[in-house]
Amino acid sequence: MSRPDWIVLALTLLGIIAYGLYKGRTTKDLDGYFLSNRMVPWYMVLLGIMGTQASAVTFLSAPGQAYTDGMRFVQYYFGLPLAMVVLCISFVPVFHRLKVYTAYEYLEQRFDLKTRALTSFLFLLQRGLSTGISISAPSIILSSLLGWDIVWTNIFMGGLLIIYTVSGGAKAVAYTQQLQMIIIFTGMTVAGWLVVHGLPQGVGLSEILHIGGKAGKVNIITTGFTGKGGGFDWNDKYNLVSGIIGGFFLALSYFGTDQSQVGRYLTARSLSESRLGLLMNGLVKVPMQFLILLLGVMVFAFYQYNHEPVFFNKSQIDLLAHSKYKDSLPTVISKYEAAENQRLSVMRSPGTAGWPSAFVDPSLLSQQTEALEKEKAGYKATIRRWLNDPAVGGDSNDTNYIFLRFVTDFLPKGLVGLLIAVIFLAAWGSIAATLNSLASCTIVDFHKRFSKKTLAPHREYRLSQLYTFFWGVFCVAVAQLAYNLGNSLIEAVNVLGSLFYGVILGIFLVAFYRPKVGGWPVFISAVIVEIGVIVLNILSRKGIVSLSFLWFNLVGAAGVVLLSEVLQAVMKKKTTAV
Amino acid sequence: MIADNRDEEKVPLFKRWSTWYGLVIGFLVFCIIVFYFLTKHYS
Numbered sequence: 238m239s240r241p242d243w244i245v246l247a248l249t250l251l252g253i254i255a256y257g258l259y260k261g262r263t264t265k266d267l268d269g270y271f272l273s274n275r276m277v278p279w280y281m282v283l284l285g286i287m288g289t290q291a292s293a294v295t296f297l298s299a300p301g302q303a304y305t306d307g308m309r310f311v312q313y314y315f316g317l318p319l320a321m322v323v324l325c326i327s328f329v330p331v332f333h334r335l336k337v338y339t340a341y342e343y344l345e346q347r348f349d350l351k352t353r354a355l356t357s358f359l360f361l362l363q364r365g366l367s368t369g370i371s372i373s374a375p376s377i378i379l380s381s382l383l384g385w386d387i388v389w390t391n392i393f394m395g396g397l398l399i400i401y402t403v404s405g406g407a408k409a410v411a412y413t414q415q416l417q418m419i420i421i422f423t424g425m426t427v428a429g430w431l432v433v434h435g436l437p438q439g440v441g442l443s444e445i446l447h448i449g450g451k452a453g454k455v456n457i458i459t460t461g462f463t464g465k466g467g468g469f470d471w472n473d474k475y476n477l478v479s480g481i482i483g484g485f486f487l488a489l490s491y492f493g494t495d496q497s498q499v500g501r502y503l504t505a506r507s508l509s510e511s512r513l514g515l516l517m518n519g520l521v522k523v524p525m526q527f528l529i530l531l532l533g534v535m536v537f538a539f540y541q542y543n544h545e546p547v548f549f550n551k552s553q554i555d556l557l558a559h560s561k562y563k564d565s566l567p568t569v570i571s572k573y574e575a576a577e578n579q580r581l582s583v584m585r586s587p588g589t590a591g592w593p594s595a596f597v598d599p600s601l602l603s604q605q606t607e608a609l610e611k612e613k614a615g616y617k618a619t620i621r622r623w624l625n626d627p628a629v630g631g632d633s634n635d636t637n638y639i640f641l642r643f644v645t646d647f648l649p650k651g652l653v654g655l656l657i658a659v660i661f662l663a664a665w666g667s668i669a670a671t672l673n674s675l676a677s678c679t680i681v682d683f684h685k686r687f688s689k690k691t692l693a694p695h696r697e698y699r700l701s702q703l704y705t706f707f708w709g710v711f712c713v714a715v716a717q718l719a720y721n722l723g724n725s726l727i728e729a730v731n732v733l734g735s736l737f738y739g740v741i742l743g744i745f746l747v748a749f750y751r752p753k754v755g756g757w758p759v760f761i762s763a764v765i766v767e768i769g770v771i772v773l774n775i776l777s778r779k780g781i782v783s784l785s786f787l788w789f790n791l792v793g794a795a796g797v798v799l800l801s802e803v804l805q806a807v808m809k810k811k812t813t814a815v
Numbered sequence: 015m016i017a018d019n020r021d022e023e024k025v026p027l028f029k030r031w032s033t034w035y036g037l038v039i040g041f042l043v044f045c046i047i048v049f050y051f052l053t054k055h056y057s
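Order-wise, the sequence lines are chains A and B.
For the first sequence, the working numbering assigns the number 238 to the initial residue and increments by one for each residue that follows.
For the second sequence, the working numbering assigns the number 15 to the initial residue and increments by one for each residue that follows.
A couple of the hints might just be wrong.
To be verified - Simulated pairs of lysine-lysine, BS3-like, Cα-Cα distance not exceeding 25 Å:
| no. | chain 1 | residue 1 | chain 2 | residue 2 |
| --- | --- | --- | --- | --- |
| 1 | A | Lys-474 | B | Lys-54 |
| 2 | A | Lys-351 | A | Lys-690 |
| 3 | A | Lys-753 | A | Lys-351 |
| 4 | B | Lys-54 | A | Lys-451 |
| 5 | A | Lys-690 | A | Lys-451 |
| 6 | B | Lys-24 | A | Lys-336 |
| 7 | A | Lys-561 | A | Lys-572 |
Since the hints were derived computationally from the structure, they do not count as laboratory data.
So here's chain B without its partners, still in its complex pose:
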């Protein structure tokens, strides 16, 4: 086990990783909302 301190790498596409995290969570919320309306509409 060798310690490596190169944690800080370039974030792809965005400036910060937090934007990626927001995107993933936001997309989940979007999916749940779409699924909710699909359920309401077709049931």
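The shape of chain A in the complex, shown without the other chains:
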């Protein structure tokens, strides 16, 4: 990175910390620290909800996902607006009426203490670990591409935000998320504009979609009926059916029972403002995700006219250069470069692709460059095969490096720093909200609930700060360990969430919709189904069961609802018999 980039990056990050410290001044009690004294307007609730959900990986991974797999990932969000409606009808009014600090407080009133403690514990376990991984995933990407030290990158990614989160609690989180989202949207819009600006004259949005469409990237809607004999493929992660049904249960669980999200809309100044924030999220999320994915297709079109590297993650090429393939690597790279240069000369010659004159006909492009693309794909496959060799131990998944490589290679000085800052800010917004929620559950659901001492409000406030700091350090420590776990960290976050979300959602669904079911049946069901979901995940990983992780949410939720009904009936029979 150049000096202007470093200056932009440092100023942006320091500015956010200063803004968080300045705006985070609040009353020194739990109401001020965890609920911002319930004074937040709907648009800040909206930005808070979006900022908490959108992690660094969202902005790094999604454009790369569109580049490699197409835009079908947008279907993953189709269940979200439906979940927002259900939340506004059922969950949010109850949380507001009872004036709870955490979602799990409600469960004690509805069931008993053990169910509340179990659910809150599952949340702390899942969120504490997945936040650590969420810090590590973008750190690995940045350190790989920019050559930064991974330990320090983790500390900056997950550590600096602790300053304002500890100091100002939910209020600091809400105000910084507002500013962070503005910077993120500005950065992504500028990046999108520069991609289009870098394309030949005459290549506009329609041509970009034509180029993407020819390469199968505009696969926004897929049905999922691609299994044997035209049947539904249960292993297919992103299609209309799994997006609406699986995505609905995932979003309902995440926004309705995950304290990092519940804590955002509980800060609203009224029930109406909470509802409005959530419904606006339901309106803007799908188009926003569509635009982020469209950016990936734009980058794909950009690389049709510009040099595409054989592998976007430079560090993996360095790894191969020091492996047993070091002698064969230069030959493959030089052959790839020859094919790529030949392809570019075709693309850029007037009368074919129209470089730099007007764009002609996308079908002509594919005819002329098809053979060269096939040749390139062969060399890329060789590189991936070598990286998959256990003796090399590389990462053959290049998806997360595509957008950042484009940024570092083609964006002007200063803007690279801004885009790197966008990645940090996206991570901070999400992590800060999570630390705040982890601390609120620790003090409200455990410390205060199980302690025999009654603390003064200012002591509770100090203790909350201490717990926020503890969770911050814990998550950074997990991030340092996660680096040694392997390469599929992003998927690990999603899978980890799906292992617990379904069961937690099941408990809440029983609480809201099955009034006759008591504490013991739901507690026993939750424990049994949680073990079942973990076993299902192991079987799925070993290939014994063919089921995508998105469906674990449905299995967990439905499992708890059905089993608790059965247990309730059995227990009622026994009680009657006695």
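Once you have looked at the hints, place chain B on chain A.
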């Protein structure tokens, strides 16, 4: 945990919350239809 019964608040913009819910679901359906035609047209 203090119970608060002030559930009934003024609905912004519309008369009923159900209109908001309809708008959110309707917009999702609209997005899916637009995406379907984009997929058909450009693939």
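Here is what the structure says about each hint:
Under the criterion of a C-alpha separation no larger than 25 Å, the hint pairing A/Lys-474 with B/Lys-54 is consistent with the structure, at around 21 Å. Pair hint A/Lys-351 plus A/Lys-690 holds up; C-alpha atoms about 20 Å apart against a cutoff of 25 Å. Among the hinted pairs, A/Lys-753 with A/Lys-351 is consistent with the structure: their alpha-carbon atoms are about 18 Å apart, no more than 25 Å. Distance restraint check for B/Lys-54 and A/Lys-451: the Cα-Cα separation of roughly 12 Å lies within the 25 Å cut-off, and the hinted pair is therefore satisfied.
For the suggested pair A/Lys-690 and A/Lys-451, the alpha carbons sit about 68 Å apart, so the restraint of at most 25 Å is broken. At roughly 19 Å between alpha-carbon atoms, B/Lys-24 and A/Lys-336 fall within 25 Å of each other, so this suggested pair holds. The hinted pair formed by A/Lys-561 and A/Lys-572 meets the criterion: a straight-line CA distance of about 19 Å does not exceed 25 Å.
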